[in-house]
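Colleague: Just need the whole structure built from these sequences, with the hints factored in.
Residues per chain, in single letters:
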Amino acid sequence: MRDLFRDAEHLFRLAGVFLALIVVFLVARAVLTPATFGVYGHYRGAALAEIRTRDIVFAGRAACLDCHDEINVVKKTAKHAGIGCEACHGPLEAHVADPSTVVPEKPDAKKLCLVCHSENLAKPRNFPQINPKEHADDDNCIKCHDPHAPLPVKG
Amino acid sequence: MDMEIGRREFLEKTGKYVMLFGAATKAWDFILAGTPEAAPDYDVTRHWWAFYIDIEKCIGCGNCVRACKAENNVIREPFYFRTWVERYHIAPPDLANLHDERLPTVDSPNGGYDGFPERYRDGDGSKSFFVPKMCNHCTDSPCTQVCPVGATFDSPDGVVLVDKTYCLGCRYCVQACPYGCRYIDPRVQTVDKCTLCYHRITKGLTTACCETCPTGARLLGDLKDPKDPLHELLRTQKVQVLKPYLATGAKLVYHGLDGAVR
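So the sequence lines, in the order shown, correspond to chains X and R. Going by the working numbering, the first residue of the first sequence is number 1, and it counts up by one from there. Going by the working numbering, the first residue of the second sequence is number 1, and it counts up by one from there.
To be clear, the hints were calculated from the coordinates, so they are not data collected in a lab. Do not rely on the hints blindly, as some may be mistaken.
Taking lysine-lysine and the BS3-like style, the derived pairs with C-alpha atoms no more than 27 Å apart in a straight line are [stated by the list, open to error]: (1) X:K133 x X:K79; (2) R:K238 x R:K224; (3) R:K57 x X:K133; (4) R:K69 x R:K164; (5) X:K76 x R:K227; (6) X:K154 x X:K106; (7) R:K57 x X:K79; (8) X:K110 x R:K26; (9) X:K76 x X:K111; (10) R:K16 x R:K26; (11) R:K203 x X:K76; (12) X:K133 x X:K106; (13) X:K106 x R:K69; (14) X:K111 x R:K69; (15) R:K238 x X:K110; (16) X:K133 x X:K110; (17) R:K164 x X:K133; (18) X:K76 x R:K57; (19) R:K224 x R:K57; (20) R:K203 x R:K164; (21) R:K57 x X:K111; (22) R:K238 x R:K227; (23) R:K243 x R:K69; (24) X:K106 x X:K143.
Modeller: See below:
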């Protein structure tokens, strides 16, 4: 037996070096890999939770109705029933969070209505489109139409 | 006292300390991290998000583009969009050369952010329509396959997301996406894309673009929810995905998609 290992000391030393390198690699990998890497797949699992932490800007129509249900009474049977409040009034999560200090601006109907209802060939044919000059001689839309329930025209 | 230290002793001691320090750091990390997955009210395994766009309802108002930029703090300059709207215009056929391919004219001024000024005249036999575009949240997404560091990934609930702390900004995924849905955010030099408003949909809200679409042309759906109206739409409507020949498993489904759309 002793004869077998007589000239093998350098091999043991080499094996030791390899072993040490493997251990260093394993430790380094364990230290450098984020804790949640590989929980769901080849990525950092904690990223999902981090992406979720972004703040909401649009509150969603349900939040509006908590206080402004009187608008919904007008709107829910009208042509504009399907349109979310923030589609016209802009992002209002800040207003929901602090209703007294953050007061939303009233949209300018003359510009706002035309965002959707100006004539354009690429729009679906059945979508109501007008030329503001021909339709009302460039007058303000809300003179005749209630923006929440645009039809029938105000008496 | 002999202060000299031998080579063997030095290596032994250094090795020991390096390994002990490494192990201790790792252990400390585990203690700090606690239990992973901090989403008590949202179970990723119980959702599979998809998206439905009805081209026949899109009026090109640009509400989705503006809402997306506001919700996700997308840089306000042109060329940076998580969602945008294209206008397709297909000229009438030239009756003398009917075998010539008719290529559509596509324009998207500022991605549709400011709406679409009228460019075409009625009555010439042409066809035009709007096509909203965004990330297709592919089941077999080309972009996640090419990411060299695992910074972009398909989440367990079917959303293609980017881990910005991991992204190198190598642009490989920008080239890989066949739908052109990715861009490099010049503020941080990492890639950015539609997250399907992941911060909203995981809290029970819909996406910002769906929230503000006035005609209901956009619809977010959860295919793992048997009561989701998307199931009924997919069953009753003729639908198509973009570039089906690429077999990306796109989960953005279009209704009324014209063959000219690329």
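Colleague: Are the hints correct? Go through all of them and say.
Modeller: Taking the hints in turn, this is what the structure says about them:
1. Distance hint between K133 of chain X and K79 of chain X is fulfilled; the C-alpha atoms sit about 23 Å from each other, no more than 27 Å.
2. Using a Cα cut-off of 27 Å, the hinted pair K238 of chain R and K224 of chain R holds, with the two alpha carbons roughly 21 Å apart.
3. Among the hinted pairs, K57 of chain R with K133 of chain X is consistent with the structure: their alpha-carbon atoms are about 25 Å apart, no more than 27 Å.
4. Only pairs whose Cα atoms come within 27 Å are accepted, and K69 of chain R paired with K164 of chain R is accepted, the gap being roughly 18 Å.
5. For the given pair, K76 of chain X sits about 23 Å from K227 of chain R by alpha-carbon distance, which is consistent with the 27 Å threshold.
6. With a C-alpha separation of about 20 Å, the suggested pair K154 of chain X and K106 of chain X falls inside the 27 Å cut-off, and the hint holds.
7. About 15 Å separates the Cα atoms of K57 of chain R and K79 of chain X, which keeps this hinted pair within 27 Å; it holds.
8. Proposed proximity of K110 of chain X and K26 of chain R is contradicted: the alpha carbons are some 63 Å apart, above 27 Å.
9. Simply put, K76 of chain X and K111 of chain X have alpha-carbon atoms about 24 Å apart, close enough for the 27 Å limit, and the pair holds.
10. A C-alpha spacing of about 15 Å is found between K16 of chain R and K26 of chain R, which places the hinted pair at or below 27 Å, so the restraint holds.
11. For the hint pairing K203 of chain R with K76 of chain X, the CA-to-CA distance comes to about 25 Å; that is within 27 Å, so the pair holds.
12. Restraint check: the Cα-Cα separation between K133 of chain X and K106 of chain X comes to about 23 Å, which is no more than 27 Å; the hinted pair holds.
13. Only pairs whose Cα atoms come within 27 Å are accepted, and K106 of chain X paired with K69 of chain R is accepted, the gap being roughly 21 Å.
14. Of the pairs offered as hints, the one joining K111 of chain X and K69 of chain R holds, with about 20 Å between alpha carbons and a cut-off of 27 Å not exceeded.
15. Between the alpha carbons of K238 of chain R and K110 of chain X the distance comes to roughly 38 Å, so the proposed pair goes past 27 Å and is violated.
16. Under the criterion of a C-alpha separation no larger than 27 Å, the hint pairing K133 of chain X with K110 of chain X is consistent with the structure, at around 12 Å.
17. With a C-alpha separation of about 49 Å, the suggested pairing of K164 of chain R with K133 of chain X is violated against the 27 Å cut-off.
18. For the suggested pair K76 of chain X and K57 of chain R, the alpha carbons sit about 20 Å apart, so the restraint of at most 27 Å is met.
19. A hinted pair counts as satisfied when its Cα atoms are at most 27 Å apart, and K224 of chain R with K57 of chain R qualifies at roughly 26 Å.
20. With a C-alpha separation of about 21 Å, the suggested pair K203 of chain R and K164 of chain R falls inside the 27 Å cut-off, and the hint holds.
21. This hinted pair checks out: K57 of chain R and K111 of chain X have alpha carbons roughly 21 Å apart, not beyond 27 Å.
22. For a cut-off of 27 Å, the pair hint linking K238 of chain R to K227 of chain R stands: about 20 Å separates their Cα positions.
23. In summary, the hint linking K243 of chain R to K69 of chain R is supported, as the alpha carbons are separated by about 26 Å, within the 27 Å threshold.
24. The straight-line distance between the Cα atoms of K106 of chain X and K143 of chain X is roughly 15 Å, inside the 27 Å bound, and the hint therefore holds.
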